[in-house]
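**Q** Here is how the chains run, residue by residue.
2 protein chains.
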Amino acid sequence: MNKNYIIPNEWSILEEGFDNDNVKASESIFSIGNGAMGQRANFEEDYSGSTLQGSYIGGIYYPDKTRVGWWKNGYPEYFAKVLNAPNWIGIHIKINNTLLDLNTCKVVDFKRELNMKEGWLSRSFNAVLQTGEEINVTTKRFISVAFNEIGAIEYTINVVNFSGTIAYTPYIDAGIVNEDANYDEYFWKILEIYDGENAGCILSKTLKTEFLVATAMKVSFALNNKEIKLQQHTQKLEKKLDYTYQTKVSKGDTLTIFKYGTYVSSLNETPDNLVKKAFQNVEEAEKLGFHNLLETQKDAWQKIWDTSDIIIEGDVKAQQGIRFNIFQLNQTYMGTDARLNIGPKGFTGEKYGGSTYWDTEAYCIPFYMGTKDASVAKNLLLYRYNQLDKAIENAQKLGFTNGAALYPMVTMNGEECHNEWEITFEEIHRNGAMVYGIYNYVNYTQDFDYIPKYGLEVMIAIARFWYQRVNYSSVKNKYVILGVTGPNEYENNVNNNFYTNYLAKWCITYTVDCLNEVKHNYTDDFSRIIATTKLTAEEMYQWLNVADNMYLPYSEENQVYLQQEGFLDKEIIPVSQLPVSEKPINQKWSWDRILRSCYIKQADVLQGMFFFENKFSKEELERHFDFYEPITVHESSLSPCVHAILAASIDRTQKAYELYLRTARLDLDDYNHEVEEGCHITSMAGTWMSIVQGFGGMRVWDDGKLTFNPQIPKEWKSYSFKINFRGQIITVYKSQTTCKFYNEVGEEINLLEGNSKVK
Amino acid sequence: MNKNYIIPNEWSILEEGFDNDNVKASESIFSIGNGAMGQRANFEEDYSGSTLQGSYIGGIYYPDKTRVGWWKNGYPEYFAKVLNAPNWIGIHIKINNTLLDLNTCKVVDFKRELNMKEGWLSRSFNAVLQTGEEINVTTKRFISVAFNEIGAIEYTINVVNFSGTIAYTPYIDAGIVNEDANYDEYFWKILEIYDGENAGCILSKTLKTEFLVATAMKVSFALNNKEIKLQQHTQKLEKKLDYTYQTKVSKGDTLTIFKYGTYVSSLNETPDNLVKKAFQNVEEAEKLGFHNLLETQKDAWQKIWDTSDIIIEGDVKAQQGIRFNIFQLNQTYMGTDARLNIGPKGFTGEKYGGSTYWDTEAYCIPFYMGTKDASVAKNLLLYRYNQLDKAIENAQKLGFTNGAALYPMVTMNGEECHNEWEITFEEIHRNGAMVYGIYNYVNYTQDFDYIPKYGLEVMIAIARFWYQRVNYSSVKNKYVILGVTGPNEYENNVNNNFYTNYLAKWCITYTVDCLNEVKHNYTDDFSRIIATTKLTAEEMYQWLNVADNMYLPYSEENQVYLQQEGFLDKEIIPVSQLPVSEKPINQKWSWDRILRSCYIKQADVLQGMFFFENKFSKEELERHFDFYEPITVHESSLSPCVHAILAASIDRTQKAYELYLRTARLDLDDYNHEVEEGCHITSMAGTWMSIVQGFGGMRVWDDGKLTFNPQIPKEWKSYSFKINFRGQIITVYKSQTTCKFYNEVGEEINLLEGNSKVK
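Chains A and B, in that order, give the protein sequences. Under my numbering, the residues of the first sequence are numbered 1 to 759, in order. Under my numbering, the residues of the second sequence are numbered 1 to 759, in order.
Check each hint, because a few of them may be wrong.
One copy or two, either will do: identical chains are not told apart, so a pair holds if it fits within one copy or between any two.
Stated by the list, open to error - List of simulated lysine to aspartate or glutamate pairs, DMTMM-like, C-alpha gap at most 25 Å:
1. 117 to 622
2. 478 to 556
3. 453 to 253
4. 476 to 626
5. 351 to 747
6. 372 to 306
7. 588 to 415
8. 72 to 582
These are calculated hints, taken from the structure and not from any lab test. Note that this is a predicted model, so its numbers are computed, not measured.
Make the full structure from the sequences, and use the hints.
**A** See the structure below:
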């Protein structure tokens, strides 16, 4: 059922042979980006077959009017969509006046490579046109990490069997649409089209949000590797600018076009400077030249790998998988801009919209903490801090008061933009992840200053939310949380979801602990916060009363916490007994049947045990894993990784390995039959955790100590990973026989006792 | 907050004075119809103000492609929409070349009357144009009950203060749209436009469903009450046909246009006969003439009132309310066509789409049984019998097998067309109402033959559904029904809803009882049914095991059945303590807040007690009423009536009266602030029940006995109602001091002992 055409390789994603059916999948998998912008691996030349065209700019979005069947009070007005941005990569190509189109000509020796070590995408193929001309094409393209507004293309045609003309028509097309537009609206307005000598620019504006974007291109040419000048024929259309260059060639000639592209947006430049800056960018790129730019690209990626690479020996598919995951995460978010975040599809597709889910706090922060400077994780936390006012507004819309905050399920600018009541209004556990993210960051970095400066205000607003969201149950003599959806979205509107209740209780306790710490050690900050929030001791006391008396559903018979009240009324039938024909249940079963079944989409009780593993005994973990994992269908991309980590925790190494493969190669092997729409970016951080926290057993709890507990599946000779721990790069090496730790300069260090003193 | 402009009157709905803000509300309230077609009270002349244009033909619908935010497996492809049909009532009017438009001229002495006794709508007003001309207008319009494809208009202008020209431009406009179209699509295709002498026709076709409709008009004129001929100027537009007639008039003249309209559809005629029949209809109508047609209309309505009128003395608002309800129900459904049903808005608006909800079985059948021949209720039951195959298909789509049926929540042709998972898939109690409708019909009519002939196959398919829908809970050692929505739609996806579980249990038991009866007394039918359904004794045994062991949530402390499991975890705060500013909660609160509150939209446990009142003691009824009514917000139109009946049952006459007024004048006083969209037709049957079953205390249970228990609120001098009981019309009269029963010819009969022997 899964796709199986990606060729295993340690450092590259490789495709050989041309198959129209794989074009859209490869467009996703071979996507390139630099954290600020990115694009699907669409062809430069025309392609009349099925394709999803996609170029994206971080932070540039459109508030697409909400579309629902039946309106519910509280729904947001819009769903923020990642916007397909003007296309600057396109080049129409004519050979003796025949358009090159891989959908209509014969394609031979097609090869595609995404070189993850150096950060570039290439293709090579021979094309035989219907008119008989044969050419050999080689292309290379990258989005510059060093100059993050710039991309570059080298496109070379070698003439195999004819003499005649080749016409290159590089263009900028601003007449692009989103496939997932709710009302088939056009999202962009073209303000002006500027042409120039081998360079041009379109200034366009997003409707409603009014982001301005200048998209520019610049081209140059070489014949048989010598620079040439060609005459430019300019065509300005309503939404498109193209330049046609034509030259005569003979058999054996190679004609190269270099095309440089840029986006300059009003996020980063003043409006009147956009076009000038865009022209400057492409002029400078052309001056530097493709090969020099490429060298800077290799250097930049080398720096990234220096602090984040994971090496797996003896299992090339696993090796390729983990590097693909690390590579895509870096392509999506570099951590330098606190306004950006990690969209679930990154720059590889337009589905889901929004840029920020609880995935960031629950899955991505550990990756960025582990592989980059602490400032990156801090930027992710600040993103939420900066949106606190919006989170308070979101909660007000749902009837909460007194500064209670509900962080959005899906957002671009802090406003909720999702519109399913059972998710938008009820999947409130996300609020807990905000606090967990802070806790995790402070434990890992020991940057406790973050709490008085920023974190505490967020935590107080969230504690207020939980306090208001519970109600007292007289029959239970406990506080209950009714009407929620847990991480397992195959249950909706349940009462007393263990994960949610546990997290709410913990949030309050941790917030009060932090308040006490700040009161004693950061008196000025404490005064400021108390003045701002008008928090009283009485209010804190009431919070604690709720936390102390929070109901947690538990089965005495099974000695497990129940995912929610009443869970044992279901028929518990392990997934192994489900006929293959009924899987995946999200495609085969109606929604009500899924809801009333016992099947779990992704870790729920186990998500809580993963977050707070130090609060549970190994026996408890085993009992819960054995109860819940067999009824988990892992139909969320976020599921296998958490189970892999827990499996490793309870020494089920081979189970962890099976789950690891599922998460690591989710997109490469297209487990969920949807990679065409884009890659599952946020779950890739889960893959990284499966190695580092799973097999590596790395933990840092609130005592600040760093511990490891490495184990290795039998399929691997060895593995090693690097982590950035409080500024120091530590390498962990584990083979079937040994386990070693190295510092930045390669000296072995002793960490077996596990502590934080390595700094 | 409610509107208060309808003038109380015993037999008419009256409006005096012109207020643009009431135009859309009055369009709904003054709607006219004859069961086969109907229309909102749109003006004949132009009106540039806010209006909802609506003409509807029973059974003609459009499958509008489903619109949702997030698709769930199992959703239907389309939502069947009641179609706005070609407008035949329109007449452009020009006075000295100025268009008559009540939105721009001065309107004086505006009066509107819906005469319910005789079945017509009239208006009269003086209009002073901006150019100074003043006219007096009187109009009368009706949709013929006797000739159910025909409608007629008399429109007279009296010239007040000028000499000049009046131009009448009667038209047919087939360029109409639905305001609630999901994708702003046009639903009709114009096939041909036919003109003729003072008569014309447009043949159009619904897209997708391909219903053909010929809409014709015919006009004639009178000057000062003498017939005149005027020259016709024909204009054929793409989707519209209009004829202009102009004449000179002097001060004091009256110029009348008679306009006859018809719809002939492919539901009733062969395609090649449609246009011919349409022309015939209007020619014949014109030959008969407006006044003769009006006489037949009065006679037809007199016949309807003869068997259905309710007289209330001493409370004109209550009197007007009940007649309005009876009148609208008859306008919506006459019971002569088993393909039709009772849409929630009837012919008064386009909202909700579909024509058939569980309202028919739960609310409307008693009204039609009580006021018409038994064949009418039987037609409503046959409607479902004829859709059994579709109900089985609906269930199959949700994973059910072995001939299990799930009747749709909303339908036109038997296919489910609603698209909210919590309703479509989970509000399955509707299936029980299908069986209850049969039970109710057989009890009332004693037509037990219906069961072997038709009913039993429906009941078996439904029993199979319930059997498959339960699951065994090992913790409860009972069968449970998980993931449902009860009649109270302010709870979604709950477990063990008392009403649903009770009804499921009862359905099985009643089905098995009927099977036994049929086995012994209808052996041929029994053999046929067993052969068709392949039902075995073993299967029935399994059903009964489920019924016998069905879990019903109960609170020992409160001695009440719980609406669903866990209900008592909620905070129980009576509606009386809710601030006015928070009501109605469906407009003021977000959906999640509504869901986790204790507030009940409409009778749920109490709906069950209403259906099966004979199974509960008076003390139990009181206890449940006192528990649930105070937390019921009655935000469904179907709520006050059931509570009124139960209040009467437990001798809370004044509470019943308060609830009665709310149901009887729901639309006239616009309690829910939405009458602009159309009237709440199905709840009007509940109003009728509030009198007959509520104050009248009429009951017929499975012993077939007719009993009454009349009581009267202190505000009324007396009331009387008629019921058709097994072919005999009985009148029940109740004053503050006496209670009497009369037979058809006005003789007093003794029914106080309550039995069925009156036949």
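**Q** Now tell me, hint by hint, if it's right for this structure.
**A** Hints, verified against the model:
Taking the shortest alpha-carbon separations for residue 117 and residue 622, neither the intra-copy value of 39 Å nor the inter-copy value of 77 Å comes in at or below 25 Å. In this homomeric assembly, residue 478 and residue 556 come within 25 Å of each other (Cα to Cα) both inside a single copy, at 18 Å, and across copies, at 19 Å. Proximity of residue 453 and residue 253 under a CA criterion of 25 Å is satisfied in neither setting, with 64 Å inside one chain copy and 86 Å between copies. Only between protomers do residue 476 and residue 626 lie at most 25 Å apart by alpha-carbon distance; the minimum there is 23 Å, versus 28 Å within a single protomer.
Taking CA atoms no more than 25 Å apart as the test, residue 351 paired with residue 747 passes in neither setting, with 46 Å inside one copy and 75 Å between copies. For a Cα distance limit of 25 Å, the shortest separation of residue 372 from residue 306 inside one copy, 10 Å, qualifies, whereas the shortest one across copies, 86 Å, does not. When the C-alpha separation of residue 588 and residue 415 is checked against a cutoff of 25 Å, the pair qualifies only between copies, where the shortest distance is 20 Å, while the shortest distance within a copy is 34 Å. Proximity of residue 72 and residue 582 under a CA criterion of 25 Å is satisfied inter-copy only: 16 Å between copies versus 32 Å inside one chain copy.
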